[in-house]
Every structure is written in structure tokens, then in C-alpha cells.
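Asker: Single-letter residue listing:
Protein chains: 4
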Amino acid sequence: MLRYLTAGESHGPALTAILEGMPVGIEIKEEDFELVLKKRQAGYGRGKRCKTEPEKVEVLSGIVNGKTIGSPIALMIRNSDYENHKHYMAPFCASSPDEGKINIPLPGHGDLAGMIKYGFKDCRYIRERASARETAIRTAISVPARCLLKEKGIHSIGMVESIGGIKAELNLNAPRDEIEKAIDEVGYDFLTPDKNVISSWKNLIDECEKKNISLGGSGVVIFYGLPVGLGSYVEYDRRLDGKISQAVMSIPAIKGCEIGNAAELSKMHGNASDEILINDKGDFYRSTNLAGGLESGMTNGQPLIIRFYMKPLPANSNIMSIDLRTGKPTKTEFYRSDIQAVTAAAVIVESVVALELASQF
Amino acid sequence: MLRYLTAGESHGPALTAILEGMPVGIEIKEEDFELVLKKRQAGYGRGKRCKTEPEKVEVLSGIVNGKTIGSPIALMIRNSDYENHKHYMAPFCASSPDEGKINIPLPGHGDLAGMIKYGFKDCRYIRERASARETAIRTAISVPARCLLKEKGIHSIGMVESIGGIKAELNLNAPRDEIEKAIDEVGYDFLTPDKNVISSWKNLIDECEKKNISLGGSGVVIFYGLPVGLGSYVEYDRRLDGKISQAVMSIPAIKGCEIGNAAELSKMHGNASDEILINDKGDFYRSTNLAGGLESGMTNGQPLIIRFYMKPLPANSNIMSIDLRTGKPTKTEFYRSDIQAVTAAAVIVESVVALELASQF
Amino acid sequence: MLRYLTAGESHGPALTAILEGMPVGIEIKEEDFELVLKKRQAGYGRGKRCKTEPEKVEVLSGIVNGKTIGSPIALMIRNSDYENHKHYMAPFCASSPDEGKINIPLPGHGDLAGMIKYGFKDCRYIRERASARETAIRTAISVPARCLLKEKGIHSIGMVESIGGIKAELNLNAPRDEIEKAIDEVGYDFLTPDKNVISSWKNLIDECEKKNISLGGSGVVIFYGLPVGLGSYVEYDRRLDGKISQAVMSIPAIKGCEIGNAAELSKMHGNASDEILINDKGDFYRSTNLAGGLESGMTNGQPLIIRFYMKPLPANSNIMSIDLRTGKPTKTEFYRSDIQAVTAAAVIVESVVALELASQF
Amino acid sequence: MLRYLTAGESHGPALTAILEGMPVGIEIKEEDFELVLKKRQAGYGRGKRCKTEPEKVEVLSGIVNGKTIGSPIALMIRNSDYENHKHYMAPFCASSPDEGKINIPLPGHGDLAGMIKYGFKDCRYIRERASARETAIRTAISVPARCLLKEKGIHSIGMVESIGGIKAELNLNAPRDEIEKAIDEVGYDFLTPDKNVISSWKNLIDECEKKNISLGGSGVVIFYGLPVGLGSYVEYDRRLDGKISQAVMSIPAIKGCEIGNAAELSKMHGNASDEILINDKGDFYRSTNLAGGLESGMTNGQPLIIRFYMKPLPANSNIMSIDLRTGKPTKTEFYRSDIQAVTAAAVIVESVVALELASQF
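Protein chains in written order, with the working numbering: chain A, 1 to 361; chain B, 1001 to 1361; chain C, 2001 to 2361; chain D, 3001 to 3361.
One or more of the hints may lead you astray.
Claimed, not checked - Not the full set, but computed from the structure, chain D residues with beta-carbon under 7 Å of chain C:
#	residue
1	3164
2	3234
3	3246
4	3265
5	3272
6	3300
7	3312
It is worth saying that the hints were derived from the structure and are not from the lab. Here a beta-carbon is modelled for each residue, glycine too, at the ideal position from N, C-alpha and C.
Work out the full structure: start from the sequences and follow the hints.
Answerer: This is the structure in C-alpha cells:
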């Protein structure tokens, strides 16, 4: 069983995470961290911060000479931007604490609800922690889990299915290496196996960049090679569907999660199950994967297919809000400039699900 | 914080549940249990078992003279059908244990995966516990949570949105009492506020009953009156979106969960957030509810809207499978006769989310 | 990993427990429950209730035909005394709720603290749940854990070390079967291997019974046959010392817990560790067991020795308290008549530790 | 509710901890960390490492400008000694990994059990994490909890009761400020209110230092000002006795824990409870504190008294063990030079209990 906690403000000294429960001897390379974080940062239409701040993970414990040693793994990513914010974000004796105040709550973000919940007078502390920046360290802490899965012969692909309502054509039943190859050809900018959709997405994103509006989208993550019987039906909170969707829905801006193609499945008339067949060697197999790899909360040996829906990021658009100092209506200030982050979301979903799956071993 | 465990096989002596963490003094009526279980059992196209076995909840502890006393609440529902199965389901000294064997695993159910996971030679023990019958006690144990929410001024509605691909017309922004009234007029058979869709649903269900095939569907559950700030953004596993979807996706046959209308939101171009406005009294309000009531994992004071997608139940259809005794292909045996259970699902989703929300107080 | 919850008031309808996480195929006999509950009820100087109410466990789920099936195990013990109390303890529509009031809080019990915590006006609901009667179901729910341990070759002995300050002579390093045999000869009345102490204990208890005062004592529980490496040092809350003492100290009236002989160990000058030796076959062994079987929070292959200290039960003695109706000082009412329950405590400690240890498999 | 994880090897890059669940607005000073760590490091007879490595805590998140902001608090203490060990402790590409091997398992430590559990060929990785060095970060992460308690008017004192069997004379019923003053006069070297015992302890420690043997001891921690009703009796794992002793017994070398004076209490004949009295204002009070502040798992408004027993540290003495390379008997190597660490233990017990108590708010 794995447990993990993350910590860190968006402009505080550092992001950190501790992952507890890893088995010993799992091989991890320093580049594994770099690769996944680079992938998370990439994406056509991502904002400037993503480009200026290369994520450097420091391993503080739990990995020695490229292998897990059983003890908790602690990671840290320094916020290079902290220097510019420490006059109000310093843990102690900030020189000008009032300068950090954020007085216009951003609709679509937790600003207003958080202020009310915690009794803050402005939105700074909410914005700092509710920010999607937290997902950088969550992505990093998934690396040990990903390596564990890899040693078990389990591989995953994350891909974008749609951006701003324009849908890629995905053939999820294609062989894994075919999908991977197609995604590789498209590259980190779009993380999709459908190269034909790229120009439409590019145009849409370029157009939105001019208007300074953002786009949501959807994506699919597939895990291949899972053994039969991960998860369990015996208690409601051990069902893997629930555990996975808890993880996926805890990612900022993700508002929907499906195992397989739930919406389509819900429309079918009977026979919406995957026949059990047997081959010459006496092994069971299925010819379809409507269940998306889970039956009664357990893996059934088929690829595990997870679909997510992401809303447009609330950051860009000028939306009506209230200036807390005056109580007067005002437009939200320009905050950051990601036009889309669906590519990042695909990487993050892959990360959090990897943590859930690795926790089953 | 609430914790609960459920127990019970489908044809064993009884279903039980223990709920721990309830505050003292919450008023609960005996009829509260009956009402919600009756609603769960109803539904046009439900099978015979639902009709023959009225659920009788026995309160074993935690409620005295109609009020919670702080100690754990234990509930029991005897399986009236146990008498017919105890020759192989008795805890000790079953008279003919082999008679219970189920030798044809049901695709779409956990039969095969469970057998392999736990090393069983037949599917009986999987079928017994992975069965949706468990949701009867989960629905019952939500009653204390529902009563707690009611005392806080929180009310919920569960409704069917679509059956077998035929969609009701829902106006989720209509006033609560209007929606409730419309559902009441339609009744437990369909739990929908759109009376115009009923005849189409009825026809479809009747037709499927003849063919012995089942239908899935989708539904919506809304909670009104939630205070601002339930849940939290501070740690990934305290975000309410995740907690709610974990609960929803742990219900058998539910394969998708959305907060608000995630699929639609993912297609929008910018401005997909709910403006923050202020009224004459200085209170904040929103004129739209695209976020479905959650921002950054917290309630924002708007109605909480949860949508779920349910696959057709695997029970009815004759699907290809394997006879475990012979290793030969065969069709699954007729198992039960729910044509649709979307109405039940709406009640169960309401139940499990009520437990999550009550846990926040 | 095992999880369990217990429920039930002392004079409510029933005690229940649900145990989740048991592996499949563990053999359990109906007599296993009876035996351990009988042992818990026995003891020279136990009160009348213990004698009049034979504990009958009903298995409601999780065990079929004498074996665990992987799903949660639910147990119920009806309170035969409920009939005499249901006019105020009934879950609904109690006929004379006021008759149950307990107006004189018992010092040494949670009456007063509980009333203040939960805002009750009298002590009934505290007394009902804080009562040691809860340990009957906790003892029962340990049976599956005990059976699991037995299948792993692990055996346990619980014994009384002292009553009212009179100490038995224990040789904890004697072979297990020797200790067991000696205890068997003494019997359930005293659960000790030292037959010479019995007459002193008997005299003391008889004398106290006349004066209606109660006695505490201490006891030792030993687990034999544990594999090396249960528990872990990697995170503070996975250390077995902590888990075990949490379990032991959660038993009413137990106020102290030691692994091995902690008090003696604390006085030693150096060398207070068990030398590591190697035999002809190359197996490691120890010639002493000062550590009591745990090093760095893990079992080290030596017998696990747990010592507990129990205060005199607060029930018997006339102690000064306050009548809540008048605010005037008064003596507590006679409540029950256990002179000592150290024998029971030994059984309960064995039970809760069995649950912790079984949870490690 | 608070949760925390710690991480870090003894000679790895850093110790870290994340504490989740703190309320907002709790004042914390940078000196608070320094003070408690200095106190933990002090103690007559502590080894050289304690003196050469001043603990410098870096706050990485969760505290801004001297106050908690609700988000997780992350702390880091760099191991200054890492530079001397990184040729085999570096996370990646260690230059000479074999140099770190520890081939003689230390009896009394988890070396041997851990190796067997995790399948290691030598003891390095066990020694690194099972080391009491972990308690440095656990002590540090208690600071926010301590500050929370302070804001609630709760104060604690940790003191040494005995070293190597020589017992101080403690009057635990003396007023808090009297005890504090007496301890202050004695100072960090011994943390006891009994100045008369000092010379005996000093002589004993000096003598043991010459012989290179270590000493255990016992101590007492008292919390004053706790409100009535922290903890609960309703479920076994919510009882505060259990939670506290889990925390205390998870500290390396601590083998026994008592609430109040359990061993003495177990010998008393009846009346071993604290009478409930009422004063002129109608407030309840007690004239004794035999229960040590807890009744039925809840605080009862009396000072909470926790006693712990610590074995001599296994590090110093030359004990027989096995050289893993040869399988031959050998004496353990000199490892470190703490003669006693009971003073440190008192500080650590105070820390872990503070975390448990703060978790109740």
C-alpha cells in the first residue's frame, strides 16, 4: 500500500512530496523525473511560466544509487520564482506582507470558497495552494510508482482526445506500439495519435491566444499489461473504479471521469459486456473491451481505459468578479496564459493513476 | 468524519453495516429507512426479487428513541431468500455445499476476475458479494447521513436523465420544489421530472423485457443548501470532487461520473466559469452554475450537481462465456431480470454522496 | 490489511462487528467463537451478568461452510438483557425514555467527561457504550484473526501475572507447552501457570467481595511462532510496538503496556540486547529475549511478549460523586459486581493483538 | 485531524516531514524550531554527533510570515554529515556504493530483522532509516502542533524520572510553574525537577562512559490545560489512551508506556478512582489524579500524565553478533556514543503526544 502527501505553495520556497510504502529494489533513473516533468510542462499553448521554469527535482531520501531502499521517498522542487515573491511569501519575517494580496477572486477557481472557508481577507493563500502547480510534484512523485509498474511489465499511454470541442480520431483498440509511435510522431505539443487533427487544434489555440481565452478538452489514459484482479469488490472503498476516479477528479480543472466509454455504454441495449472466450491453450480472453478493463472494481486483464474531461482553465478570460476592497464589480486581472493544458492533464492523470495501481502491489 | 463498512452476501444470512462518527442528537425516523429502500427497489422494469423481498431494516445500535447517541450505528437487513440457499450458504456445516456452484462466469460482472484473484474454482462467492444487493445496506446506512444533512438545511434530489439512450429533458436550473413536484407526479417508476419521456421509456423497457435484454442510462443528483467551503484544496485527497466520484464510481455498473456537465464544459471556449456577483445586501452570488457547485474541490454555495453513467446490467442477456467444468464455450444462464436499474442508481448515488457530504460536518 | 469496526450498546438490541480484509479459505469453527467468549466471561470474582448471559455469536456474513470467503465478516451478539431495558433503549418510540437516566457519574469511568463532550444531561448513553461489554464483540471478531495466525503456525497464550498486588511467579522463558499445561491445570478461573498463588488470590478476592471493592492486576500475553519482519521501521505508524500498544491501551481499564519487561530493562546498565548467535545449520538465533520479540518495530523471530497493567474496575466501590439532579455530593450507586477482570483482560489483550498481527499478513 | 509523514536516512541528503491538517492562523516563530531541537540534542552523556551537528530546520511550505496558512507544512533538515557519506548514499550514481556496507548486525536494533524482511545483504539501509535520527524531524514537525496547543492554553512539561535505575523524586501533583522552575534550574542536561539526583546520575554516566556502556531510564510528560472530552470512547481506535501510546511506543528504544501510574494502580484495592467533587461555583473538580487525566479514552480535565520506559541504547556496548561476510561470531563495532538519551526521549514523547492532542482540535 502506498501513501503520499504533497506540500508547497505556488510561489513559496519549494514543492515537496513524501511517498511511503514503496517496495525495495525498484530501479529509478534521474532522467525519469526530468522526462515526465518535461512532458507535463510541454503542450502547444502553455503559458510562459512553463517555459521559463525548468523543473529540477531533488531526491532527499528513499532512493540510493538508483534504487528504492524501502524507506519513504522525499522529493523537492524549488520554486525558482520564490525570490520574486519572498517579500510576502517568506515563512518568517516577510518584509512587505501586504504586497501579496489578491483582491479579486477568480471565478472557476477556489478563491472565493476558500476565503470564506478559512476566513481569509484576500485570496493569496488559496491561489497559492489550490494552484495547478501542485501537480508538478504529484507528477514527480509518481515516478517511483511508474518504475514499479514498469518492472511488472505494465505500460501506460496518456493522450489528448479533444481540445475546445475539436475531437481527434482515436482507435483505442489499435496495438499499443502503434499508438505510441503515432503519438511520438506528433510530439509533446499535442500528445495525440491523430496527426490530422493538429492543424485544427493549432489554429484554434492561436486564435484563442489572440483573444486571451482558454480551452478545455478531454483525454484518454491507457494502462497495458495489468494482471487480473487488482482492486477488489469486497468493500466499496476497495473498488478500483472508485479509487481511480478519486485520483483523477482530484486534479484541478478535471470535472469528469469515465472507465471505458461510459456515456456510450449507457446508451447501448443489452450485450454491453465483453464475451469470455478461451483460446487453444486454455487461456481466457476477450475480443472487446467495453468494460474499459474493470469488472466489479477489479482489473480483468484487458487494457485499463480512463477518460477525463477538463474545463477551460479559469485563468485567462476577463470574467466579472468583485473587488474585495471596494465590494464593487470588476473584471478579473490577467493571471496566466495557458490557452490549453489538456496535454499536461493527460500526463497528470497517468501519474495519479500510476500511484493508485502501484499501491495494489 | 464518518467511516462505514458494509458486509453481507446476496444470499447469506444478512446484510449489515456499521457507521461510525455520527454526531449526537440527529433525529431519525423508522420510516426514513423504509422510504429510501422502497424507492431503491422501485423502478419500471425491475426484476421480481425486488418485488418479493421487502427490505426490513433492523437498527442494532447507535439510535435510541429516534435520535443518534454518538455511538456507532449498526443496521441489519435479513435476506429473506437465505432459507432457500442455506444448504450451501450457511456459515457452518452447510448440508450440500456443492449445490451452490456457479460454473459459468458472467461477462460484465467480476466473476472471472474475482475467481482468478482469490483462487476460487467457481463464481459463487464472487457473485454473492460483488452483487448490487450490497447497495441495499449502503442505501440504508445513508439514512443517518441524510438526516444530518436535513438538519443542516441540505436537501437532495436524484433523477433519471436517460434510459437506453433516450434522454429526458431536464432543466437543472429550475427551482428545487418545481423539480421535486414534477418527479413526484411521475413517481418512483421513473424518477424523472420530464413526464413526456415516460411513454418512450416504457415502450423501450417493455420491448427489452420481451427480448430479455437490459438497458443502462444516466442520471443526475443535486444537493441544495450546502454551505460554502465543504471539502478542501489543501491536500489532493481532501478535494470533494475526488471523494464524491470515488463514492459514485464504487457503485456496481456505474462507469462514469461528472461534476456539473463536464463533457459540455470541455468543449467551451473560455468564460466557462460562473461570474461572482454581489447583491444589495453585500452577499456574493452566481448567476450560472457551470462548475456544478464545486471549485477547487470545495462547495461554492451553488447546488452540487453530480451526473452518472450506468452500463446495462450484465445479468439478462445471453452472452458467450465458458463453462468452467468443461472449458467449452456456452451462453450465460438467465440470472435475474432487471431490465433497467437507473432509478435505483439515482437513489444509491444520492446515498453515497450524502455519506461523503455528512462526513464533512 | 485488516480493518474492523464494532458497534453496540451494553443494553441495546445487539453488539455487532464487521471485519474487512481477511484472506480466503481460512478455516473457522463455530466452537472457536464459543471457546474464546467463555474464557473471557470466566474468572474468579466475575459478576453475575457474566454468568447469566452466555454469549451466542451469530455469523451474518463472510464465512461460508466453515471457511472465510474473502468478503467482510459480520458478527452479532444479541443482548439478552435488552428486553429489560427496551422501554428506554429501543431505537424508536421507547415507551418510557426517562426511566433510563443515570444521574450519578461514576468516577474512573467516562461518564462525566463523555456527558460534557457530547452535551448529554445524564450518563446513560456514555455508560452504555464506554462499557467493557464492547470487548465481548471485539473478542469475537478476533476469532478469524486467531484462525489465520494458527494456519501460519502462530500460537498465543494469555495469562494473569498479578491481582491486587499479589504476584504470580512466571517463567516466561519456559517452553510454550509447559506454560500452557500449567495454565490448563489452573483453569479459566485464574489463567495463570503458577498454581501456588491461587489460594492467596482467592482469599483476597473473597475478602474484597465482602467489602464490595474491586481489584486490578497485570498480565502477560505471548505470541509464539511469528516470522521475522512483521511490522516495519520505515514510517513511525507502521512500527509494531506502537500498533500493539494502541490496541492494548484501547481496552477499558488498561492503563499501561510494555513490550517485554520495559520497566526492568530501563534500569539495566548496557548489554540489554539479545545477542545474535548462529547455529550449525547457519540459522540465526538469540539466547535471551530482553527485547520481547520486537526490534525497531519489527518481529525478530523471538516470542512476542506483551505486558499490561489494569486498574481496579470503578464499578463496585462507593465513591464520592455528584447527583446531577441536585448538584449535591452523593455516593455512587452499586453498579456491577466484578471483583476482578484481569483474566478477561488477558483474553481481550490476546484478541486485539491477534487482530494487529493478522493484519500484517 | 492531523496527518504527517516523515522521511530521511540518517546519512542521506536530508530529513523531511509533511504535516497536513493544521488550522490557519496559528503563530509559529523560527526560534520555536531551534529551541525544541536544541533541547532534544542536549543531555548529559549524549554523543558527539549531537554536539557537532546543529539542527537547522528549513520551512518549505505551509507557514507564511510566521503563521500557518492551512496548507501542508513541509520541513527539511539537511544532514550535514551527508557529504562524508555520499559516495555510497547518493540517490543516483554513487561513486563507491560498496563502501557503505554494514556487515555486523547490531542486537537491539532492527538490523537483522530488517535485512531478512526486505531481503538486504547488509544492514546499511536498515540502520539508516531505523535510526533514532528520524526523531529529529518528528520533533521539528511537532512545533506547529505545540503552537496550536499553546494558543488553546495547553502547556506541556517533559522530564526525566530515572536513569540507569536511579530514580529522581518527582512530585507530579506540584503546581506546574513549580515543576517548570525546578527543571529550568537543573537545565537541559538532565531535564528533571529533582536537583538532588543529579550528582548520582552524573557519576553513573561518567562511569559508563569510561566502560562504553549505555543506560536507559524512564520519564514523565504532563500536559496541562486540556479541555474535557478530547478523544472518544465510541470506537476502540478513537480512544486517546491508545492513540497516545501508539505515538509514544513508536519512538525507538521506548518499550513501555503508562497513563498515570499504571503499575501502582494495578496493585490498589478498590477506590482507585478520582472522586467527582463540586465547588461553590458549581464546577466539577477532582482532588486526585490517579487516572492520569484520561477516563474511557477521553481527557477529563485533569493534567494528562504519560510515563515512558526506555531501554539502554544498543549502540555502545560490545555485544556478540555475526559477521555476515563470514558467518562467524564477532563483537559489534563501536557505533556511536550516547551514554543516555532519556532527556531526548522526554522531548520526543512530548512532541509526538502534542501531535496527537493537536489532532483532536
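Asker: None of the hints should be skipped; say for each whether it holds.
Answerer: Results of checking the hints against the structure:
1. 3164: holds, 6 Å
2. 3234: OK, holds: residue 3234(D) within 7 Å of chain C, min 6 Å.
3. 3246: Interface hint status for residue 3246(D): holds (4 Å vs cutoff 7 Å).
4. 3265: holds, 4 Å
5. 3272: holds, 5 Å
6. 3300: holds, 4 Å
7. 3312: OK, holds: residue 3312(D) within 7 Å of chain C, min 5 Å.
Taken one by one, the earlier hints all hold for this structure without exception.
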